[in-house]
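Single-letter residue listing:
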Amino acid sequence: MKAFLTRRKSLLVAASAALALSLSACGGSSSTTTNPPVAEKPSFAADSTMAKLSSAGKITIGTKFDQPLFGQKGLDGKPVGFDVEIGKLIAAKLGIPADKIEWVETVSANREQFIKQGKVDIIVATYTINDKRKAEVDFAGPYYEAGQALMVNKDNTTITKPEDVKGKNVCSVTGSTPAATIVEKYGAVLVPAATYSACLEPLRNKQVEAITTDNVILAGFVSKEPDAFKLASDQTFTKEPYGIGLKKDDKVFRMWINDQLEAFGKDGSYKKAWEDTAGTVIKTAPELPTIDRY
Amino acid sequence: MDVIIENLPQYWDGFLRTLFLSVVSGIIALVFGTVLAAARVSPVAALRGFSMVYVEIVRNTPLTIAFFFAAVVLPRLGITFQQFEVAAIIALSAYTSAFIAEAVRSGVNSVPVGQAEAARSIGMKFSQVLSLIILPQALRTVIPPLINILIALVKNSSVAGAFYVLELFGYGKQLANANGDAVVWVLIGVAFFYLLITIPLGYLANVVERKVAIAR
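Order-wise, the sequence lines are chains A and B. With the working numbering applied, the first sequence corresponds to residues 1 to 294, in that order. With the working numbering applied, the second sequence corresponds to residues 1 to 216, in that order.
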């Protein structure tokens with residue numbers, strides 16, 4: 001009995017050690033987070049959203065907590081990523097330091113509702129601008145143009161563009177837009193999976209030649225396993241403009257954010273935010289897209 | 001309702017793949033299951049042992065794990081297939097054959113011992129006793145449970161939809177994603193095509209049973 005117990009104990013220790021190892025392996029991204037210089041006593045037109053936020057001295061920003069390189073919350077509880085850096089830059093221009101930002105997790109399904117209900121002041125969360133959403137909320141930006149891309153095994157040199165996957169097995173999520181595009185436009189053979197992470201094993205085992213979806217999701221996988229996978233190319237073949245969501249019809253605030261984005265593009269802080277985060281995987285630095293001042 | 005009619009080609013394609021998976025796995029499982037049952041009653045201890053271990057492990061393991069093993073673990077071990085249908089057939093037939101083996105074994109047990117003794121007394125070898133006397137009678141008595149297992153197999157094939165095979169259930173998921181306003185109809189359509197396979201199977205069971213039943 002005693003021998004049995006000790007053996008069980010040692011098994012337990014081994015198991016927890018393995019768990020700890022795998023956990024630490026997961027939190028591998030070590031992007032440096034910076035705190036941009038905070039504007040001192042910025043002045044805004046009275047009654048504007050900027051004035052309210054600035055005098056309150058705090059802002060609530062919605063972002064994703066599970067999107068590596070863009071918005072991901074680590075074990076220390078602080079989200080990191082490109083979206084987070086953009087949020088910090090905007091807050092700084094309002095005179096709000098990074099530690100006064102309250103980060104709220106917004107997932108794809110709740111974003112419009114969170115803005116409408118005032119649970120967040122702005123959302124920077126890989127949030128694609130489209131007309132359906134524009135009917136509910138306003139968008140500043142776009143500040144980045146994501147798009148569909150291909151991820152392949154590190155040693156693959158035959159696939160560099162979507163035309164290369166004709167007749168080949170490509171994994172994507174059942175029913176998703178990227179899955180339809182790769183089949184209908186580029187003639188790939190779809191291997192359907194429940195989630196994008198379920199595509200990783202077949203790719204590793206070379207049962208599929210590539211995985212396809214938005215480049216930022218794929219870049220997140222690459223950042224976790226840079227020795228196994230790579231993006232087939234930095235070029236994307238669809239356009240998903242990411243905007244900053246805010247309350248509908250707050251035109252003054254929207255235009256002010258647009259001005260700031262343009263300023264970040266000029267003063268280099270946009271480039272730096274990129275290089276510190278998503279730029280570690282997606283090498284080509286993006287040009288700030290033309291702001292849509294509708 | 002419109003959603004079913006508009007997407008009839010997809011449904012049909014999914015239906016054919018489900019049918020293909022079920023028929024191929026069903027045939028393999030029937031053959032392998034019968035072999036397992038024969039091994040279980042054979043005089044060779046090693047065969048009996050192998051059959052028992054196989055049946056007990058496989059039928060007590062969830063089907064999803066069998067699929068995971070075939071679709072993900074086997075490739076890791078160097079056994080890769082470009083078609084995930086192969087993995088699905090391996091998982092489904094391996095899983096189903098364990099149940100078939102048990103059903104056939106129960107049929108073997110239902111054949112009176114005197115039959116085997118009489119066969120042996122006229123000089124038949126074990127293989128002859130089994131193939132000429134026992135199994136033909138055993139299989140006839142277990143038609144209903146065998147058909148039940150095959151019906152379960154048809155429904156179980158839907159798990160393949162979660163393991164990279166685009167069959168009826170896989171198309172169902174795809175159509176549900178694309179037609180968020182008509183999910184109920186999409187699923188009714190999927191159910192209809194499953195019934196198109198399983199109800200005739202049940203009917204077949206009745207017919208066959210009536211034809212081959214032995215009055216004891």
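None of these hints come from the bench; they were simulated from the model. Built from N, CA and C at the ideal position, the CB exists for glycine as well. Any given hint could be a false lead.
[As the list claims (entries may be wrong)] DSSO-like mimics (lysine-lysine), calculated; alpha carbons at most 27 Å apart, straight line: (1) B:K173 <-> A:K166; (2) A:K185 <-> A:K239; (3) A:K132 <-> A:K58; (4) A:K206 <-> A:K58; (5) A:K206 <-> B:K211; (6) A:K224 <-> A:K247; (7) B:K173 <-> A:K239; (8) A:K119 <-> A:K154; (9) B:K125 <-> A:K168; (10) A:K206 <-> A:K134; (11) B:K211 <-> A:K132; (12) A:K239 <-> A:K52; (13) A:K132 <-> A:K239; (14) A:K132 <-> A:K154; (15) A:K132 <-> A:K78; (16) A:K230 <-> A:K266; (17) A:K161 <-> A:K52; (18) A:K185 <-> B:K173.
[Said to hold, decoys possible] If we take Cβ atoms under 7 Å as the criterion, some of the chain A residues that face chain B in the derived model are: (19) T174; (20) E184; (21) G187; (22) N205; (23) M255.
Cross-check of the supplied hints:
1. Restraint check: the Cα-Cα separation between K173 (chain B) and K166 (chain A) comes to about 24 Å, which is no more than 27 Å; the hinted pair holds.
2. For the suggested pair K185 (chain A) and K239 (chain A), the alpha carbons sit about 15 Å apart, so the restraint of at most 27 Å is met.
3. The straight-line distance between the Cα atoms of K132 (chain A) and K58 (chain A) is roughly 30 Å, outside the 27 Å bound, and the hint therefore fails.
4. Straight-line distance between C-alpha atoms of K206 (chain A) and K58 (chain A) comes to about 50 Å, which puts the hinted pair past the 27 Å bound.
5. The hinted pair formed by K206 (chain A) and K211 (chain B) fails the criterion: a straight-line CA distance of about 50 Å is larger than 27 Å.
6. Distance hint between K224 (chain A) and K247 (chain A) is unfulfilled; the C-alpha atoms sit about 35 Å from each other, more than 27 Å.
7. For the suggested pair K173 (chain B) and K239 (chain A), the alpha carbons sit about 25 Å apart, so the restraint of at most 27 Å is met.
8. About 42 Å separates the Cα atoms of K119 (chain A) and K154 (chain A), which puts this hinted pair outside 27 Å; it is violated.
9. Between K125 (chain B) and K168 (chain A) the CA atoms are separated by roughly 54 Å; this puts the pair beyond 27 Å, and the hint is violated.
10. Annotation: proposed proximity of K206 (chain A) to K134 (chain A) is violated, straight-line Cα distance about 41 Å (limit 27 Å).
11. About 63 Å separates the Cα atoms of K211 (chain B) and K132 (chain A), which puts this hinted pair outside 27 Å; it is violated.
12. Of the pairs offered as hints, the one joining K239 (chain A) and K52 (chain A) is violated, with about 35 Å between alpha carbons and a cut-off of 27 Å exceeded.
13. With a CA separation close to 16 Å, the supplied pair K132 (chain A) and K239 (chain A) stays within the 27 Å bound.
14. Under the criterion of a C-alpha separation no larger than 27 Å, the hint pairing K132 (chain A) with K154 (chain A) is inconsistent with the structure, at around 38 Å.
15. Our distance criterion of 27 Å between C-alpha atoms is broken by K132 (chain A) and K78 (chain A), whose separation comes to about 32 Å.
16. Distance restraint check for K230 (chain A) and K266 (chain A): the Cα-Cα separation of roughly 30 Å exceeds the 27 Å cut-off, and the hinted pair is therefore not satisfied.
17. In summary, the hint linking K161 (chain A) to K52 (chain A) is not supported, as the alpha carbons are separated by about 48 Å, beyond the 27 Å threshold.
18. Pair hint K185 (chain A) plus K173 (chain B) holds up; C-alpha atoms about 21 Å apart against a cutoff of 27 Å.
19. A cut of 7 Å between beta carbons decides the hint on T174 (chain A): the least distance to chain B is about 5 Å, and the hint holds.
20. Checking E184 (chain A) against chain B by beta carbon gives a least distance of about 13 Å; that is not within 7 Å, so the hint is violated.
21. Interface hint at G187 (chain A): violated, since its Cβ lies 16 Å from the closest Cβ of chain B, which is beyond the 7 Å cut-off.
22. The criterion of a C-beta within 7 Å of any C-beta in chain B is met by N205 (chain A), whose closest approach is roughly 4 Å, and the hint holds.
23. Below 7 Å, beta-carbon pairs count as interface contacts, and M255 (chain A) has none with chain B, the closest being about 34 Å; its hint is therefore violated.
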